[in-house]
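Visitor: The chain contents come next:
Protein chains: 2
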Amino acid sequence: MPINKLKQITSKLPLNKSLVSYDWQTFNSDLFAGIITAILLIPQGMAYALLAGLPVQVGIYTSLLPALMYVLFGTSRVLSVGPVSIAAIMVASALSSPEIKALGSSTQNAMILALEGGLILTIMSAFRMGSLVHFISQPVLSGFTSGAALIILFSQFPNMMGIKIGSCTSITECLNNAQSSLNIFDMGIGLLALATLLLMGAPLSKLLVNLGTQQTIRTGITKSAPLLSVIIGTILVTAYSLDTTHSVEIVGHIPQGLPAIGVGFLSTSYDHFLALLPSAFFISLIAYVESVAIAKVMASIRSEKIDTNQELTALGASNLAASISGGMPVAGGFSRTMVNYSAGAQTQIAMLIAVAVISLVLVSISQSLQSIPKAALASIIIVAVYPLVKLGSVVNVWKQDRSDGISQLITLLGVLILGIEEGIILGVIVTIFCYLRRTGKPHIAVVGRIHDTEHYRNIRRHKVETWDNLLLIRIDENITFANINFISEFIEAESRETDAKNIVLIFSSVSYIDTTAILYLKELINSLKHKGVVLHLAEVKGPVIDKLEKIDFLKDLLPGQVFFQTTDAVKCFAPNINEA
Amino acid sequence: MPINKLKQITSKLPLNKSLVSYDWQTFNSDLFAGIITAILLIPQGMAYALLAGLPVQVGIYTSLLPALMYVLFGTSRVLSVGPVSIAAIMVASALSSPEIKALGSSTQNAMILALEGGLILTIMSAFRMGSLVHFISQPVLSGFTSGAALIILFSQFPNMMGIKIGSCTSITECLNNAQSSLNIFDMGIGLLALATLLLMGAPLSKLLVNLGTQQTIRTGITKSAPLLSVIIGTILVTAYSLDTTHSVEIVGHIPQGLPAIGVGFLSTSYDHFLALLPSAFFISLIAYVESVAIAKVMASIRSEKIDTNQELTALGASNLAASISGGMPVAGGFSRTMVNYSAGAQTQIAMLIAVAVISLVLVSISQSLQSIPKAALASIIIVAVYPLVKLGSVVNVWKQDRSDGISQLITLLGVLILGIEEGIILGVIVTIFCYLRRTGKPHIAVVGRIHDTEHYRNIRRHKVETWDNLLLIRIDENITFANINFISEFIEAESRETDAKNIVLIFSSVSYIDTTAILYLKELINSLKHKGVVLHLAEVKGPVIDKLEKIDFLKDLLPGQVFFQTTDAVKCFAPNINEA
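Heads up: the protein sequence lines correspond to chains A and B, in order. Residue 9 in full-length UniProt numbering sits at position 9 of the first sequence, with consecutive numbering throughout. Residue 263 in full-length UniProt numbering sits at position 263 of the second sequence, with consecutive numbering throughout.
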């Protein structure tokens, strides 16, 4: 029966789990959180659409259907999916190239990016390829985020200050341009919005804490700052007709009503889809990585569990929804999620309510949005994005781990100098290169026995027993093409320094050995045999011994043996073991 | 004093070591081996020059100065450096592109390739970057060699058979072309040479063994096969004027005397050098990998030691020498080296003698080389290259190791379908991708104690003790961005399946932990804390504990502890330990 089937399907959706124990108290929390989130989402959505170079309504549309899709399919109960700053600047970068501009309107291009991103995420989900994104390491992600945030700040600062720098080749020329284009009214509104946002942030929050205000109420008040700043700006514009009398830039006409659902944007050439594909790939990858990172932080706070593969499906569906409802690529946003959570959202119902509120605004009072000054929106972006610039992190990571520091710095510089996508690619390549270089020089230790025990430790770090006729070498990594040369040379060098006729390789850390490594090991065995030295193995793990048996390696090893324990080898070759 | 200085420098050259204990007996061996090698090198050098699309004398020139350079700088006592088949086909592939052809004559292009390759190898040597080539894994090298050898066979088969297939689009058209162009005299000479080579190979060798002939004499006789096959061909051509009467293709004019030394080929554009650089990079890389592989095999047989970085210098010098003496890129060749060795070469003096013999031929009887039929040279190439095609190896490697098998097969197909350089790049990318995928799923085991011991083993493979309140998890690999997600999910999944309130991660195999991994571990610690589970570490290695202390990780771990031994953790959390 189809209804049973439907029940079966819906029972598997993550949302269903939240609703099993839903009650009025939870609903009250969700209702409040939903309204607060909507208050943030409207101005933020508009701001990010401007950042992406799109009409402001695209940002609002993107806060509707995609958010619903995430509510249906996502595994985080509080993640808020919609337009986000990093995805927006990536969209801006993709849409700014002349070849892309020639192919279609920016709105159509944004919809195609969302569609392709959605498909890529869905395919990755179907093939369970979510682990691919782990190649974007934390330092690369962090360097990338700082770089992208800096680009956003550079792009929005002139908007907030009411200046147009245009194209200039020298600093003097840029400054001249800035001065001649400066609109003191834009600047006033921008700085007023900035002041509102900053004062209603930490200082107001501190004051409210001192007054003993409840946390959710506090969030409600402080997070209304963006709304308040655009209201102030809008009132000023409307009261003095600043847009017509003093050329203050405003958002302009916004179509009334909900976005049309449709696939009309698909009627274009094959080349058009192809041209946007690389950008869609990077946008969706970064959107996924950031969403999962935020979802995980929230899940850790709320003791929930994120299913990373289900997140791929959910984000894929959200992006597909964005594409057919006139939206732009989406991701889980940090600030919107934090608002939702700290306003007391208990379940995804809060996001449903936020969507309902935004829809209500669109069908009723969308006209009143058209006088919002762009400078105020620029201030909202700057305040939202500023915390993402973490240059101190570059220094910290550099101190902790040189190669991670290099990856982070190169990604950051790559983003700033070469471009956003180029920066990620460069960062990933550098990370993989450093990784291969490091695994190419694995940790190997000559070990000896700690007196009166069966423990073997590095002779350089511990006071241990060693024996004349026996050299114990512990290899601390899987043996592959990347490191076998280093390992062979290490063993040969150690062998030359002693008279030991038996070398035991301790394989306790070796879980895998590849074809190249086996070939080199055979060469090593032969080369040592010529010098009268026999190679043995000890503590070989199950999967490794299975493989070595399968390819008859143990015959090549003869007269070398495989010892279960290192101690067995010591008993065999070091006669004084019995005295211990 | 300059002479003392010179002595100081020469005393460091590898050659000097061989000469310390040189005597007449060794010289006799070297003399014989040198003559035999020269007999092989002349026809083989000519053949490989033809394979590369160059005038035959280039192949002979390349056997002189480059070989001397290797004698001076190389660390292998028997490696014979000169024109080789794989480098020759790579040169042919590089020179065949119309853009390259437009820039200069093929001889000039070959000299530039040798120059650039020599510089690349020298730079790699100076920066001790020899380890870079280890990213060309054995399966990739093997797949590449088989693929390149197949291309050589396809290219030389028509030459041996006296047919010209030209450009054809269907099999019928190709066959028609073949039939109409067939020259029965070329074919006869080619097949006669083939028969000579095959009969003088294994069958003759077997016969001589049965007759009790000495090994060096046997080598002398069997390895003269190429010389004999060209002599037969040349006699037939000369006796019946086959070149003029029946259009049999012969080598043609060869300038008398030694090659001119000079740098005239350098007078060209910057773009010309740039255009050849990528090919030079791949040729020199493969030349180096193959030379070192052969040198290592020989060193293992002769109980010698190869210094891989010195080999870079030596091959760099050889290629530079090739470029200024009218030569093509060089490498250590397997067949020429085996001839040298099995003819009884004791030191590099054998190669000096071979060079002297070849020079003598060039200054005295080079005219007599001009009637050598090309079909006979094609047969020499085919017989030399055929053993390099090892398709069985693809099957074997596939059975042993799936990802190595995939790399090898993709490299082989890449070389055949996309091209020689593209094949290597593809192979390296696939290898690195498989490597990252594999290290992304490291071996992790829940372990328990083997009764009455302090040994801990995988609970799935051994009969071990476990405890209700303690979960022991051994991580068998370094923890990095590539695998931390898998590791966290494994630990969380195992934690959900037990009531244990203490989880001990055994770090005995962990030598390195990166920034991403530390961040995820902190998240994991917090997430477990919410469930009342405490994470501990045990058997943490020196470098890892140093790093964790440096970044205050141990504070984040609290109340989790770091245990020196796993047994210490068991004593702490499993009270029944004392009964054991």
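Hints in this document: simulated from the structure, not taken from any laboratory. Take these hints with a grain of salt, some might be off.
Taking lysine-lysine pairs in the BS3-like style, the calculated list, with each CA pair at most 25 Å apart, reads [claimed, not checked]:
| id | chain 1 | residue 1 | chain 2 | residue 2 |
| --- | --- | --- | --- | --- |
| 1 | A | K501 | B | K305 |
| 2 | B | K547 | A | K399 |
| 3 | B | K501 | A | K522 |
| 4 | B | K529 | A | K305 |
| 5 | B | K531 | A | K390 |
| 6 | A | K441 | B | K101 |
| 7 | A | K547 | B | K399 |
| 8 | B | K547 | A | K441 |
| 9 | A | K463 | A | K522 |
| 10 | B | K571 | B | K550 |
| 11 | A | K399 | B | K305 |
| 12 | A | K441 | B | K305 |
| 13 | B | K555 | B | K529 |
Pair by pair, the computed Cβ-Cβ distance ranges are [unchecked claim]:
| id | chain 1 | residue 1 | chain 2 | residue 2 | range |
| --- | --- | --- | --- | --- | --- |
| 14 | B | E304 | A | F564 | 42 to 52 Å |
| 15 | B | A356 | A | K522 | 50 to 60 Å |
| 16 | A | V395 | B | A102 | 37 to 47 Å |
| 17 | A | K501 | B | L554 | 38 to 48 Å |
| 18 | A | Y270 | B | E549 | 52 to 62 Å |
| 19 | A | Y270 | B | R402 | 32 to 42 Å |
| 20 | B | E549 | A | D452 | 48 to 58 Å |
If you want the ones that stay clear, here's a sample from chain A, every Cβ over 12 Å from chain B, calculated [what the hints assert, rightly or not]:
| id | residue |
| --- | --- |
| 21 | S224 |
| 22 | P255 |
| 23 | L266 |
Cβ atoms here follow ideal geometry from the backbone N, Cα and C, with glycine treated the same way.
Visitor: Each hint needs a verdict: does it hold in this structure or not?
Guide: How the hints compare with the structure:
1. Restraint check for K501(A) and K305(B): satisfied, since their Cα atoms lie roughly 18 Å apart, inside the 25 Å limit.
2. This hinted pair checks out: K547(B) and K399(A) have alpha carbons roughly 10 Å apart, not beyond 25 Å.
3. For the suggested pair K501(B) and K522(A), the alpha carbons sit about 46 Å apart, so the restraint of at most 25 Å is broken.
4. Under the criterion of a C-alpha separation no larger than 25 Å, the hint pairing K529(B) with K305(A) is consistent with the structure, at around 14 Å.
5. Under the criterion of a C-alpha separation no larger than 25 Å, the hint pairing K531(B) with K390(A) is inconsistent with the structure, at around 32 Å.
6. For the hint pairing K441(A) with K101(B), the CA-to-CA distance comes to about 43 Å; that exceeds 25 Å, so the pair is violated.
7. Distance hint between K547(A) and K399(B) is fulfilled; the C-alpha atoms sit about 10 Å from each other, no more than 25 Å.
8. Restraint check for K547(B) and K441(A): the C-alpha separation of about 18 Å stays at or below 25 Å, so the hint holds.
9. A threshold of 25 Å between alpha carbons decides the hint, and for K463(A) with K522(A) the separation of about 33 Å lies outside it, so the pair is violated.
10. A threshold of 25 Å between alpha carbons decides the hint, and for K571(B) with K550(B) the separation of about 28 Å lies outside it, so the pair is violated.
11. Using a Cα cut-off of 25 Å, the hinted pair K399(A) and K305(B) is violated, with the two alpha carbons roughly 40 Å apart.
12. With a CA separation close to 21 Å, the supplied pair K441(A) and K305(B) stays within the 25 Å bound.
13. A hinted pair counts as satisfied when its Cα atoms are at most 25 Å apart, and K555(B) with K529(B) qualifies at roughly 14 Å.
14. The supplied range of 42 to 52 Å is broken by E304(B) and F564(A), whose beta-carbon atoms lie about 36 Å from each other.
15. Between A356(B) and K522(A) the C-beta distance comes to about 38 Å, which lies outside the given range of 50 to 60 Å.
16. A hinted range of 37 to 47 Å is violated for the C-beta pair V395(A) and A102(B), which are about 52 Å apart.
17. In this structure, K501(A) and L554(B) meet the distance hint of 38 to 48 Å, their C-beta atoms being roughly 43 Å apart.
18. Separation of Y270(A) from E549(B) is about 58 Å and conforms to the stated range, judged on CB atoms against 52 to 62 Å.
19. Checking the proposed 32 to 42 Å range against Y270(A) and R402(B) shows it holds: the Cβ atoms sit about 36 Å from each other.
20. Under the hint 48 to 58 Å, the C-beta atoms of E549(B) and D452(A), about 28 Å apart, miss the expected range.
21. Listed as outside the interface, S224(A) is consistent with that label: its C-beta sits roughly 31 Å from the nearest C-beta of chain B, beyond the 12 Å cut-off.
22. With a minimum CB-CB distance of about 43 Å to chain B, P255(A) clears the 12 Å threshold, and the non-interface call stands.
23. At roughly 33 Å from the closest C-beta of chain B, the C-beta of L266(A) stays outside 12 Å, upholding its exclusion from the interface.
When held up to the earlier numbered hints, the structure conflicts with 3, 5, 6, 9, 10, 11, 14, 15, 16 and 20 and fits the remainder.
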